[in-house]
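Peer 1: In case you want the letters, here they are:
2 protein chains.
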Amino acid sequence: MNRITVLGQKIKKEKIEAFLIKGTENVSYLSHYWIEGEILLSSRDKFFITTSLFAEEAKSRLNGWQIVIQKDSLEKTISEICKKLRGKRVGFEASHFSFAEYERLRKIKEVEWVPFSGLIENQRAIKDVGELTCIEEALKVTRAAFAYLENELETGVTEKDISRKAIYFLRENADEEAFPPIVLFGERTSLPHGKPSQKKLEKGELVLLDLGARVGGYCSDLTRTIFLAGIKEKWRQIYHLIVKAQKEVIKTLKPGISCSDIDRMIREKIEGAGYGRNFIHGSGHGVGLAVHELPSIASRSKDILKAGMVFTLEPGIYLEGEGGVRVEEMIVVSEEGGRVLNG
Amino acid sequence: MNRITVLGQKIKKEKIEAFLIKGTENVSYLSHYWIEGEILLSSRDKFFITTSLFAEEAKSRLNGWQIVIQKDSLEKTISEICKKLRGKRVGFEASHFSFAEYERLRKIKEVEWVPFSGLIENQRAIKDVGELTCIEEALKVTRAAFAYLENELETGVTEKDISRKAIYFLRENADEEAFPPIVLFGERTSLPHGKPSQKKLEKGELVLLDLGARVGGYCSDLTRTIFLAGIKEKWRQIYHLIVKAQKEVIKTLKPGISCSDIDRMIREKIEGAGYGRNFIHGSGHGVGLAVHELPSIASRSKDILKAGMVFTLEPGIYLEGEGGVRVEEMIVVSEEGGRVLNG
Numbered sequence: 009m010n011r012i013t014v015l016g017q018k019i020k021k022e023k024i025e026a027f028l029i030k031g032t033e034n035v036s037y038l039s040h041y042w043i044e045g046e047i048l049l050s051s052r053d054k055f056f057i058t059t060s061l062f063a064e065e066a067k068s069r070l071n072g073w074q075i076v077i078q079k080d081s082l083e084k085t086i087s088e089i090c091k092k093l094r095g096k097r098v099g100f101e102a103s104h105f106s107f108a109e110y111e112r113l114r115k116i117k118e119v120e121w122v123p124f125s126g127l128i129e130n131q132r133a134i135k136d137v138g139e140l141t142c143i144e145e146a147l148k149v150t151r152a153a154f155a156y157l158e159n160e161l162e163t164g165v166t167e168k169d170i171s172r173k174a175i176y177f178l179r180e181n182a183d184e185e186a187f188p189p190i191v192l193f194g195e196r197t198s199l200p201h202g203k204p205s206q207k208k209l210e211k212g213e214l215v216l217l218d219l220g221a222r223v224g225g226y227c228s229d230l231t232r233t234i235f236l237a238g239i240k241e242k243w244r245q246i247y248h249l250i251v252k253a254q255k256e257v258i259k260t261l262k263p264g265i266s267c268s269d270i271d272r273m274i275r276e277k278i279e280g281a282g283y284g285r286n287f288i289h290g291s292g293h294g295v296g297l298a299v300h301e302l303p304s305i306a307s308r309s310k311d312i313l314k315a316g317m318v319f320t321l322e323p324g325i326y327l328e329g330e331g332g333v334r335v336e337e338m339i340v341v342s343e344e345g346g347r348v349l350n351g
Numbered sequence: 009m010n011r012i013t014v015l016g017q018k019i020k021k022e023k024i025e026a027f028l029i030k031g032t033e034n035v036s037y038l039s040h041y042w043i044e045g046e047i048l049l050s051s052r053d054k055f056f057i058t059t060s061l062f063a064e065e066a067k068s069r070l071n072g073w074q075i076v077i078q079k080d081s082l083e084k085t086i087s088e089i090c091k092k093l094r095g096k097r098v099g100f101e102a103s104h105f106s107f108a109e110y111e112r113l114r115k116i117k118e119v120e121w122v123p124f125s126g127l128i129e130n131q132r133a134i135k136d137v138g139e140l141t142c143i144e145e146a147l148k149v150t151r152a153a154f155a156y157l158e159n160e161l162e163t164g165v166t167e168k169d170i171s172r173k174a175i176y177f178l179r180e181n182a183d184e185e186a187f188p189p190i191v192l193f194g195e196r197t198s199l200p201h202g203k204p205s206q207k208k209l210e211k212g213e214l215v216l217l218d219l220g221a222r223v224g225g226y227c228s229d230l231t232r233t234i235f236l237a238g239i240k241e242k243w244r245q246i247y248h249l250i251v252k253a254q255k256e257v258i259k260t261l262k263p264g265i266s267c268s269d270i271d272r273m274i275r276e277k278i279e280g281a282g283y284g285r286n287f288i289h290g291s292g293h294g295v296g297l298a299v300h301e302l303p304s305i306a307s308r309s310k311d312i313l314k315a316g317m318v319f320t321l322e323p324g325i326y327l328e329g330e331g332g333v334r335v336e337e338m339i340v341v342s343e344e345g346g347r348v349l350n351g
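Residue numbers (our numbering), protein chains in the order written: chain A, 9 to 351; chain Z, 9 to 351.
If you are wondering where the hints come from, they were derived from the structure by calculation, not from laboratory data.
Take the hints with a grain of salt, since some may be wrong.
Unchecked claim - Listed next, the in silico SDA-like pairs over lysine to any residue satisfying Cα-Cα at most 20 Å (straight line): (1) A/K67 x Z/H248; (2) A/K79 x Z/D269; (3) Z/K79 x Z/K115.
Chain A with its partners taken away, still in its complex shape (with noise of 0.2 Å):
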């Protein structure tokens, strides 16, 4: 089914008359097209509003859709699409717009506004065949990068060189690069989102690559860790735990499962080996159009796990001023279980 008529189910549901969306990956989600926008869907039309910026490419690309050029403010163009709708209830996305346009909204007096979170979001977090090949061709691009920076990784190299190299290789082989690479080297390892600096590749240093790549708006995230020669036997140890938690939970996912269930999972076998205050995030998130996106893989998710869900695990243990380990893999779940991705 197609996913505006699996929304319209919902809308109506909800009992509102139309919807209002402004969330850049879910208008990118409904219109199948990536263009700055936001969509009013009701039951009976379904309009992209854009600026004039866009106006060529919108026409040209946005096949049965009714297009609204944005002459004025948006209110206003709201305003004018609202006045068949009046008096009704229109629903709007509570997450995407700030409250200042949303007092904006309320001015508009023809309807209704409610407030609604995660109805697109929920829907994006299951992933049909074909976003599933988009994530495949990503990541296989992803992995083609790492053979190749692993090459580059010579001694004096800075981490602004194999990030840059990196965006170099992706938006060759890929669109372009999913979010800005991290690569950190030795100590600055325990950075979980480090910046890439100026600072030097020495000997028997770790490296930290975390790259994603996106195809067809789909997005991959894996991060490696690469020993060099040289490296200390407390890093081998650490990155061992790390993989073997990670497998192991891997077997266990099956859909019904909740997802702060598999983070707690992952963290009592890290805490088991005495590291449980370095590991110092959640243990994944979902990935799609969004990097990070729906099912949250954290203590204090209230996601549960369903078939289709596509998201990463991605355990790391970070000593402060020493360096830290993280290796992240994007898994797949279906009736069968889970499965690592490999693109």
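Could you slot chain Z onto chain A? The hints should help.
Peer 2: Same frame as chain A, now just chain Z:
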């Protein structure tokens, strides 16, 4: 006077006891550092709230701040801090908190939440010498990138090839690209914000490059339309029309004139030549920590030019299905008038 002192005086005037800041560039502006987090500023304290992901970096780099590591939700963390402010009015950035986030803040009953917009954005619009130095350095790298890329414009090269080379160059010579480069060939130059594609360069085609670099957090933003051999005479005429309009308006700039007037002046010159409906965007925008910030040089802008403002002027003429020409310069205004920033 330091940035926080200036903001502190504004806060006092607004009769609020504290101010909660979330806008990425606003947080960076006040902390002089680029890290994910929120700031809560009161007359006595300055708190930097971040997650465990950035704890090590925050503690080592943010001197003079009380670093608060968010354990549970942001709301719980803020609620803890707000206990000291019981019964007081606390401002929040209405344009940077989503409606859903506001609904969660509102549950913190200790304080009264008061929405504010543009408080720090207006302060950021006036640049000091240090900021101007970064912008000029970013401009220098961008101009060097144009010279380098012009040499790469051979028949058969794709828009994506040139865009990838642009990023590589900008990351080699500056911190990073300020935004994904716009590279368009031939009739695709009629898309003001088109995305680089696999389109190959052919003889006699228009080339549009819109690039920016980032240095020390600060952006540059320049556009060049390049004519290869064999270009149609019509495009040369359009080019000269645009550059002439731009130059004449720059001469009239001085503190005190309204930004909507600047837009009107450029627009009238283009309308006068019969291309009014082909100039489909605003005339410019402020540039600083963000590529698009205050002042807005557009017909509906309420901004007034002040000494120290840095902004683009970017007239463009777009003929649907044929091509387009845009020339974007960056301008700084002082008591002496406006001048093109050379970098």
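Peer 1: Are the Cα atoms of Z/K79 and Z/K115 separated by 20 Å or less?
Peer 2: holds (18 Å)
Peer 1: Compare the distance between the alpha carbons of A/K67 and Z/H248 with 20 Å, and conclude whether the hinted pair is satisfied.
Peer 2: Since the Cα atoms of A/K67 and Z/H248 sit roughly 30 Å apart, the hinted pair is violated (cutoff 20 Å).
Peer 1: Tell me if the straight-line CA distance from A/K79 to Z/D269 falls inside 20 Å.
Peer 2: holds (19 Å)
Of the numbered hints listed earlier, the single one contradicted by the structure is hint 1.
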